[in-house]
Amino acid sequence: MTVELERVAKSFGPVKVLHELDLAARNGEFLVLLGASGSGKTTALRMIAGLESVSSGRILIAGRDVTNVLPKNRDVAMVFQSYALYPHKTVFENIGYPLKVRGLRNNELTARVKEVADQVQLGSFLERYPRQLSGGQRQRVALARAMVRRPVAFLMDEPLSNLDAKLRGHMRAELKHMQHRLGTTTIYVTHDQIEAMTLAHRIALLEEGKLQQLDTPAQIYNDPANLFVAQFIGSPPMNMVRGELMEGIFKTRGKDIETAIKQSRKKAVLGVRPEDCSISGTENGRFRASIYATELIGDHVLVTVKAGEDMLTIKASKNFNAATEAVIGVDFPQDRLFLFDEETGVRLK
Amino acid sequence: MSEAGQKRDRRTARQRLFEAPSIDRMAPVSGFLVYAALVLWTLVVLFPIYWILITSFKTAIDVNRGPVYLPWIDFTPSLNAWNDLLIIDFGDTVKAYTNSLIISTTSTLLCITIGTMAAYALARFNYRPKFGNIFAFAIILIAAVATIALFKVDWRVTSATAAGLFFLFIRAAGRRMKGTVGNGDILFWMISQRILPPVVVVVPIYLMFQSVSLLDTQLALTLTYCVANLPIVVWLMHDFFATIPLDMEESAQIDGATRFAIFWDIVLPLTKNGLVATALLILIFSWNEYLLALFLSTSKAQTMPILVAAMNAGDRGILWWTMCVVIIVMIVPVVLLTLFLQRFIAKGLLLGAVKG
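Just so you know, the sequences run in chain order A and B. For the first sequence, our numbering gives the first residue as 1, with consecutive numbering after it. For the second sequence, our numbering gives the first residue as 350, with consecutive numbering after it.
Extracted from the complex, chain A is given alone in its bound form:
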């Protein structure tokens, strides 16, 4: 089922947390709302759930206007960051609660609960209490409780951020698999770009209550709409160099870099991803830089270099070895450059 936000805005008193957001999750889509804290992503999710009132605009779930509908009548299920399990109820009662309050009869309730519990491998834990479960198991109880009702959409508010790193990776894969199998529209809020990139069909990147870009992970990574998106997505982040753009020539510290964008800006920013940079001899590189630090990650080495005042990160092969403060050249292909207007942040194409 679809979930649509039409010019939805939210203010808390004079503070505007969400500016007229237009967003639509397609049927069966895994849509991730990504943003730093305070970007309005959680507020947007809570508005879809009905936990937060809408200041202006409309919310449609499965084509029905639910802007002023109570949460319980929206037919969505939500997984909270804290899991929000009921500590005084067993796993069985926790999972069965949404069915119980809807007046489902006992034998059908039992059958449904057992079915979802098996799907999340909790079949043998039904009599336990949440405090007797591990973090990952509690997470799965929360998921099962959302699944048991077969809602039109799942809403998830940073469901993995309370797990340790290893378990998080595992649960990420499980979540993706589950969502694929159930085919239920899912709106997922996170501040973790890896989670967003790996899980999403499409990512909606929010900043200061404004939608920055809505696109597939690959498009967001390869074709960022603006400076913010380019800096936010990618780890380590994109290298940025400030300068002036004149008729396609980017000038910085006496260096001229030829670009394919035939425009002029007094203040421009040139961006290039660490993996697109390479280390070359001092003579033929586009920048001369001295090595600031090298970090062996495993399959590659991150080399941080200092070119004047700018710090650049380069992803080098794992065999790279050079002394700190050694002078090297940095090179990158012309077609992997991004140019932005520094004042507006707009991508120049």
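If you are wondering where the hints come from, they were derived from the structure by calculation, not from laboratory data. Honestly, I wouldn't trust all of these hints.
Examples of chain A residues toward chain B, derived with CB under 8 angstroms [claimed, not checked]: (1) Ala49; (2) Pro71; (3) Lys72; (4) Ala84; (5) Val101.
Below, a list of computed lysine-lysine pairs in the DSS-like style, where the Cα atoms sit at most 30 angstroms apart [to be verified]: (6) B:Lys479 - A:Lys16; (7) A:Lys89 - B:Lys621; (8) A:Lys267 - A:Lys315.
Backbone N, C-alpha and C define an ideal beta-carbon position, used for all residues, glycine too.
Based on the hints, put chain B in the right spot on chain A.
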């Protein structure tokens, strides 16, 4: 012997006496002092109860012989007083006992029911009644009462007019007024009801019940206790409710539970310990209450504290021995209840609710 056991204590005698051997234990000297003080205080607290117990087994002669404390040595215990009370004065005692039981349990139940709901509402909903509206309500109410009392206008006509005026006022002036009262103010207003000493309001309460002919009834005491204890319930339960993570309630809300279902299924079980402690407190307050009972009951609705007090004003002089029997009978249920409910009062139930 283990290696740790073989290690010799190299501290000086002074250190051994005055310094704590580890961070979670006390030094011998301070430990002795602390326990001595505690034992002493325990004796002070328990002595009156001991006195009551032995006096209840004394005869009139033994009591009047002066202070003696050791049964079988100083005096011969006798069941005289118990006999007097349980056989001769049995009817009165049973009546007061049932009155106390009925009044304190019903008023506690009523008070807890109303109080928890009020506390929950104050913990979860935002109320912002406008100052102007409250003010207008009070003025119109006073005017209406005055009109009925002074000018003998029919009360139905007056109240209808007053209600109409009030709603007109809200519509006309309500939007322009800015000053509002918040939940905190309402809470404070409630607890402020306990600032007045009860003796200040006891005469008006007496007159009120007199005018509706409810003096010396169980109902009068039940209602009064309920109202008097409401602020305590609201205040205590509000704090318990405020500590419940909001996520849980929101989750239940999305899952389809009504407000009342959330209150009943989620919130109350999670605050069970606080609820039991509060109920016990209220029950004990009502059980022991003397002043209001003294005014509002004369014979039919007499409660245990009144019965005890009456013992020292009889025409036969102060009957210490029977009084002590009544006191024992009176404190037994409270002590038993407290022992029984103790397990509810300390437990980390919220553990495992949130976080991994």
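Hint check:
no. : hint                : in the structure
1   : Ala49               : holds, 6 angstroms
2   : Pro71               : holds, 5 angstroms
3   : Lys72               : holds, 4 angstroms
4   : Ala84               : holds, 4 angstroms
5   : Val101              : holds, 4 angstroms
6   : B:Lys479 - A:Lys16  : holds, 26 angstroms
7   : A:Lys89 - B:Lys621  : holds, 13 angstroms
8   : A:Lys267 - A:Lys315 : holds, 27 angstroms
Consistency note: the structure conflicts with none of the earlier hints.
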